[in-house]
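Asker: Sequence:
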Amino acid sequence: MGNTQPKNKTGKKVVAQKVEHAKKTGVLSLAEHKLESCPTQVFQIAKLRTLDLSSNKISALNPNVANLKSLKSLNVENNELPPGSLNPLGKLPNLQILNCGRNLLGRPTEENPQMVDPLPDKLPQGMKQLKVHGNFLSSVPRPIFTSMLVKLESLDLSNNDIASIPEEIGNLKNLLELTMDFNSVVSLPSSIGQLSKLKVLSLKSNQISAHSAQWSDTNPQPLPEDLFTKTPLIDLNLHGNPMTSTQLNTMNGYDQFLERRQKVKTSTLIGGGLTSLDVCGLE
Numbered sequence: 001m002g003n004t005q006p007k008n009k010t011g012k013k014v015v016a017q018k019v020e021h022a023k024k025t026g027v028l029s030l031a032e033h034k035l036e037s038c039p040t041q042v043f044q045i046a047k048l049r050t051l052d053l054s055s056n057k058i059s060a061l062n063p064n065v066a067n068l069k070s071l072k073s074l075n076v077e078n079n080e081l082p083p084g085s086l087n088p089l090g091k092l093p094n095l096q097i098l099n100c101g102r103n104l105l106g107r108p109t110e111e112n113p114q115m116v117d118p119l120p121d122k123l124p125q126g127m128k129q130l131k132v133h134g135n136f137l138s139s140v141p142r143p144i145f146t147s148m149l150v151k152l153e154s155l156d157l158s159n160n161d162i163a164s165i166p167e168e169i170g171n172l173k174n175l176l177e178l179t180m181d182f183n184s185v186v187s188l189p190s191s192i193g194q195l196s197k198l199k200v201l202s203l204k205s206n207q208i209s210a211h212s213a214q215w216s217d218t219n220p221q222p223l224p225e226d227l228f229t230k231t232p233l234i235d236l237n238l239h240g241n242p243m244t245s246t247q248l249n250t251m252n253g254y255d256q257f258l259e260r261r262q263k264v265k266t267s268t269l270i271g272g273g274l275t276s277l278d279v280c281g282l283e
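Using UniProt numbering, the first residue of the sequence shown is number 1, and each one after it goes up by one.
Some clues are possibly wrong.
To be verified - List time: in silico DSSO-like cross-link candidates among lysine-lysine, alpha-carbon distance up to 27 Å:
hint: 1; residue 1: 131; residue 2: 204
hint: 2; residue 1: 151; residue 2: 91
hint: 3; residue 1: 204; residue 2: 151
hint: 4; residue 1: 69; residue 2: 47
hint: 5; residue 1: 122; residue 2: 69
hint: 6; residue 1: 131; residue 2: 173
hint: 7; residue 1: 197; residue 2: 131
hint: 8; residue 1: 173; residue 2: 91
hint: 9; residue 1: 23; residue 2: 57
hint: 10; residue 1: 204; residue 2: 230
hint: 11; residue 1: 263; residue 2: 204
hint: 12; residue 1: 91; residue 2: 69
hint: 13; residue 1: 69; residue 2: 151
hint: 14; residue 1: 24; residue 2: 47
hint: 15; residue 1: 34; residue 2: 13
hint: 16; residue 1: 72; residue 2: 18
hint: 17; residue 1: 72; residue 2: 34
To be clear, the hints were calculated from the coordinates, so they are not data collected in a lab. This one's a predicted model, so the numbers in the text were calculated from it and none came from an experiment.
Just need the whole structure built from these sequences, with the hints factored in.
Answerer: Spelled out as structure tokens, the structure:
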């Protein structure tokens, strides 16, 4: 008797009310609604800008999602989306933010045993933020590089099984933040130095090691010198890698990184910010 709240806040009536409200606001959240598909009436909201379908049981995207030409932000995190299921998103010209983390994009299905690209062949070129964490990926999806994502600022590929980062990473000229935590990365390509705006790089719990203090063309350091000297990087997290802070100090260019970060810390981040990363998370 003490609980007067409605028992079902995720039924068809609630969805219908939210859809009507979204027609006015352009924002719709259907997170945690036990949905197995996106309600068809959603595709009729011509001015929809933000759509949150996270934490449902969606295993396919209706092709009609391509009707949402005004959509700028889509969250389908924590669903059951398999490889190829995101293809309709390639037809959303204004999409800037996509969170498709914690799905099954890197896992072949019985219906489709042949591996297909987890992402659409051509992602919207205006994309600024892309999260593909926790998707059983064994490599970085090619469309990230072939779609000419020149405006991409933030890329999250953490919690996968990625062992290497392609040279094409250097094409993401506007990238500010790259997160590759909990993968199997052993080294970075030299092209990482072409990311002239990169400020944050997180590589926690990978397989980056440094067993030599003599670096050469035949024995390149796992973190290229250009990463330290040609990018504005100020936040680097290597916690959980088989490397010590002493070994990191042997890498060419690392002293320039420390000097640059110290300047930033003293000028704009006094009292916090980078103090916990004095040795990039290493002992």
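Asker: The structure should be examined with respect to each hint, and the outcome stated for every one.
Answerer: Evaluated hints:
For the hint pairing residue 131 with residue 204, the CA-to-CA distance comes to about 17 Å; that is within 27 Å, so the pair holds. Distance check on the hinted pair: residue 151 and residue 91 sit about 17 Å apart at the alpha-carbon level, within 27 Å; holds. Between the alpha carbons of residue 204 and residue 151 the distance comes to roughly 25 Å, so the proposed pair stays at or under 27 Å and holds. Distance restraint check for residue 69 and residue 47: the Cα-Cα separation of roughly 8 Å lies within the 27 Å cut-off, and the hinted pair is therefore satisfied.
With a C-alpha separation of about 16 Å, the suggested pair residue 122 and residue 69 falls inside the 27 Å cut-off, and the hint holds. Of the pairs offered as hints, the one joining residue 131 and residue 173 holds, with about 18 Å between alpha carbons and a cut-off of 27 Å not exceeded. With a C-alpha separation of about 19 Å, the suggested pairing of residue 197 with residue 131 holds against the 27 Å cut-off. Restraint check: the Cα-Cα separation between residue 173 and residue 91 comes to about 23 Å, which is no more than 27 Å; the hinted pair holds.
Distance check on the hinted pair: residue 23 and residue 57 sit about 24 Å apart at the alpha-carbon level, within 27 Å; holds. For the given pair, residue 204 sits about 22 Å from residue 230 by alpha-carbon distance, which is consistent with the 27 Å threshold. For the hint linking residue 263 to residue 204, the alpha-carbon distance of about 24 Å falls within 27 Å, and the restraint holds. A threshold of 27 Å between alpha carbons decides the hint, and for residue 91 with residue 69 the separation of about 8 Å falls inside it, so the pair holds.
Distance restraint check for residue 69 and residue 151: the Cα-Cα separation of roughly 19 Å lies within the 27 Å cut-off, and the hinted pair is therefore satisfied. Distance check on the hinted pair: residue 24 and residue 47 sit about 9 Å apart at the alpha-carbon level, within 27 Å; holds. Straight-line distance between C-alpha atoms of residue 34 and residue 13 comes to about 14 Å, which keeps the hinted pair within the 27 Å bound. Using a Cα cut-off of 27 Å, the hinted pair residue 72 and residue 18 holds, with the two alpha carbons roughly 19 Å apart.
Of the pairs offered as hints, the one joining residue 72 and residue 34 holds, with about 24 Å between alpha carbons and a cut-off of 27 Å not exceeded.
Checked against the numbered hints given earlier, the structure satisfies every one of them.
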